[in-house]
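One line per chain: the protein sequences are D and H, in this order. Numbering-wise, our numbering puts 134 at position 99 of the first sequence, and it's gapless, one number per residue. Numbering-wise, our numbering puts 384 at position 31 of the second sequence, and it's gapless, one number per residue.
None of these hints come from the bench; they were simulated from the model. These numbers come from a predicted model, not from an experiment. By construction, the Cβ of each residue, glycine as well, lies at the ideal position given by its N, Cα and C atoms. Some hints here could point you the wrong way.
As the list claims (entries may be wrong) - The list that follows gives simulated cross-link-like pairs (lysine to any residue, SDA-like), each with its CA atoms no further than 25 Å apart:
1. D:K373 - D:V443
2. H:K381 - D:K373
3. H:K381 - D:Y318
4. H:K355 - D:Y318
5. H:K355 - D:F460
Unchecked claim - Pulled a few chain H residues facing chain D out of the computed Cβ check, cut under 7 Å:
6. W368
7. A369
8. L375
9. L387
Said to hold, decoys possible - Which residues of chain H face chain D? A few of them, derived with a C-beta cut under 8 Å, are:
10. A356
11. F361
12. F365
13. G374
14. D376
15. V379
16. M380
17. M383
18. Y389
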Amino acid sequence: VKPDRVLLVVLAAVAALAVPEALAAGAPVLTEADYPRLAGVNSRIAVWLAAQLHLWFAAFVLAVPIFVFIIEAIGMARRDERYDRLAYEFIKVSITAYSLTAILGGLLLFLLVLLYPHLFQYLAGIFRPSMAWYAVLFFAESALLYVYYYGWHWLQGEFRKWVHLTLGLLLNAVGTTLMFLANAWVTFMMSPAAVDPAGVFSGDTWAAIHNALWNPVNLHRVVANVAFGGSIVGAYAAYRFLSATSAEEKAHYDWMGYTANFIAIAALLPLPFAGYWLTAEIYAYSQQMGITLMGGIFAWLFIIQAVLIGALFLSANYYLWCGMGRSDGAARYYRFVKYLAIVIVGAFLVWFTPHTLVLTNEELKALGGPYHKYLGALGLMPAKNIAVNIMILFTTLSFLMYRRANRVPVVGWVGAGNAALAALFAAGVVNIAALGIYHGYFTNTVYKVASSIPQVLTTLSIIVAAVVIDSLMYRGAREVAPLRWGRVPDRAQYALILLAVAFTWLMGLMGYIRSSLRQHWHVTNVFRDASADAFTPTLGHAANVVSAGALIFMALVVFVFWVSRVSSRHTDAAGYWKKAGAAA
Amino acid sequence: VKAPALAFAVAFVLWALVFLGLDYGVMKMMGLSLLYHP
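Please build the complete structure, drawing on both the sequences and the hints.
Shown next as structure tokens:
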């Protein structure tokens, strides 16, 4: 493409920000010639990778301040400086990542304007006010983050600490609003509102923002970001643990890794339910889109998703089991670990059993159809709902067992308490299985989908009730053997790193599916994609692009970790600098 | 019957009733019944 042509389209796209009349004609009808191309660059892959890398870093830098705020508040409430130091170290990691987020966001904007100018022009026309606010909020976010980080040691003490915490709250409010604005643009492309079938904008910006999928994506992204952010700082702690040279350093990074893993898992547990809501809203908005999502070619990516989610649960549980070794008191619980592992692996196998199989004609004949006689039933959602709820409950059990490792309760009702807890889990699992089997296989679709809600509520109720009962039972508990931070095998650290890699990959794959649901539309049913890439690529191609993106992201994350580490190093350069007196 | 087993059995029945109530309430809120009526 000629440079003057590129300049023209860039100018046209920028002009759209100032010319509302550009929208009066509705969505443009394009041909392949309307898409500028850069020699040697595949437009779709370039925008795809830039958007994905921007999103990974953005998710990380938006999530870290959420739990930094919480950890700082815990430190203040307990007047325990360890929490304050931990919170500071978490935010320190995100500072370098923040610059990378901005750079990648700029790259994405340039690529959109250069390669998809008409689309950008159309979206900018509708979202002009929110894009302007986005720019303002971005400055506010940067200012708040820098004052929050660089003022950490300055804003200490009775009153100043409250000022600092308030800055953290504002930082989170601004960051979350920024994400919600960007989510509005993305979800408008999936489920457009405030436009007629020709794409003519009604002028109601709020309606365009508040489209059908906006809030489900908002919720899903907030929860997922916390889980992802926790896993990335967990990987940082693992990296520092593995390279630590002193026992003190190992103890600190072990504690940091444990806290990060706890955050990641606490957010991971409710995540499937946020995902269910998003999926239900996708079906409600367009049944065709829902079927494309889960009943068509993308269903196979859900199998990969299931494997990765299983890897997340297994590595998180494995980390907890390894961590029990920090106290000699854990020996009392080791014999239960194998049973937890058997149940979690069993649930994992059901979780990723496909409904249909890729078969040759001979195999199909031998099987008597595309569905296996017994395993076919496990490929349906009711079986998977039972499996994931059980996986979550047994992860909670691992956590409860970990909490008990170094302590012995002193209350008089230990026997009754344990019986109540065991009965709670047993009755809950029976309820989840009964709902799933009866409503899932012996009623109609309405009942099948509806019964997943009491299933979810059963799981959440068990988690809350179990934590409450266990906390009451272990109030004032006697320590049977001390918890020695740092006494954890190296392989537990690799589980933390696996957690971060699995989260990254998972986000990339699922993000690809979410975006690809639009198929050959830039804006669903309103603005057709006429570019050379207006087709769904093969799953192998998509997985390769996402994997390449995940590798680039992890390489950049290692760079961020390294920068964060060297920033606190000092080299003794005695003899290099002139002495103050000698300088004259 | 040993005391822990009895405590478990009593607690199991109580929790089961709680979950049954939860299922009934949630299905009812969605305009459905606990047992399927075609």
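To see whether the hints hold, each was checked on the structure:
For the given pair, D:K373 sits about 22 Å from D:V443 by alpha-carbon distance, which is consistent with the 25 Å threshold. Using a Cα cut-off of 25 Å, the hinted pair H:K381 and D:K373 is violated, with the two alpha carbons roughly 40 Å apart. Between H:K381 and D:Y318 the alpha-carbon distance is near 22 Å, which keeps this suggested pair within the 25 Å criterion. For the hint linking H:K355 to D:Y318, the alpha-carbon distance of about 52 Å lies beyond 25 Å, and the restraint is violated.
The straight-line distance between the Cα atoms of H:K355 and D:F460 is roughly 20 Å, inside the 25 Å bound, and the hint therefore holds. Taking 7 Å as the C-beta cut-off, the interface hint given for H:W368 holds, the closest approach to chain D being about 4 Å. Because the closest C-beta pair between H:A369 and chain D is about 5 Å apart, less than 7 Å, the hint holds. Interface restraint check for H:L375: the shortest CB-CB distance to chain D comes to about 6 Å, inside 7 Å, so the restraint holds.
Because the beta carbon of H:L387 sits about 9 Å from the nearest beta carbon in chain D, more than 7 Å, this interface hint is broken. This hint holds: H:A356 has a C-beta 7 Å from the nearest C-beta of chain D, less than the 8 Å allowed. A hinted interface residue such as H:F361 counts as satisfied when its beta carbon comes closer than 8 Å to some beta carbon of chain D; here the least separation is about 4 Å, so the hint holds. Here the hint on H:F365 is kept, as its CB sits about 4 Å from the closest CB of chain D, short of 8 Å.
The closest approach between the C-beta of H:G374 and any C-beta of chain D is roughly 10 Å, which is over the 8 Å cut-off, so the hint fails. Using the Cβ-Cβ criterion of 8 Å, the hint placing H:D376 at the interface with chain D is satisfied: the shortest such distance is roughly 4 Å. At its closest, the beta carbon of H:V379 sits 4 Å from a beta carbon of chain D; the interface hint therefore holds under the 8 Å criterion. Taken as an interface hint, H:M380 checks out: its beta carbon lies about 6 Å from the nearest beta carbon of chain D, inside 8 Å.
At about 5 Å, the closest approach between the beta carbon of H:M383 and any beta carbon in chain D falls short of 8 Å, and the interface hint on this residue holds. The beta carbon of H:Y389 comes within 4 Å of a beta carbon in chain D, closer than 8 Å, and the hint placing it at the interface holds.
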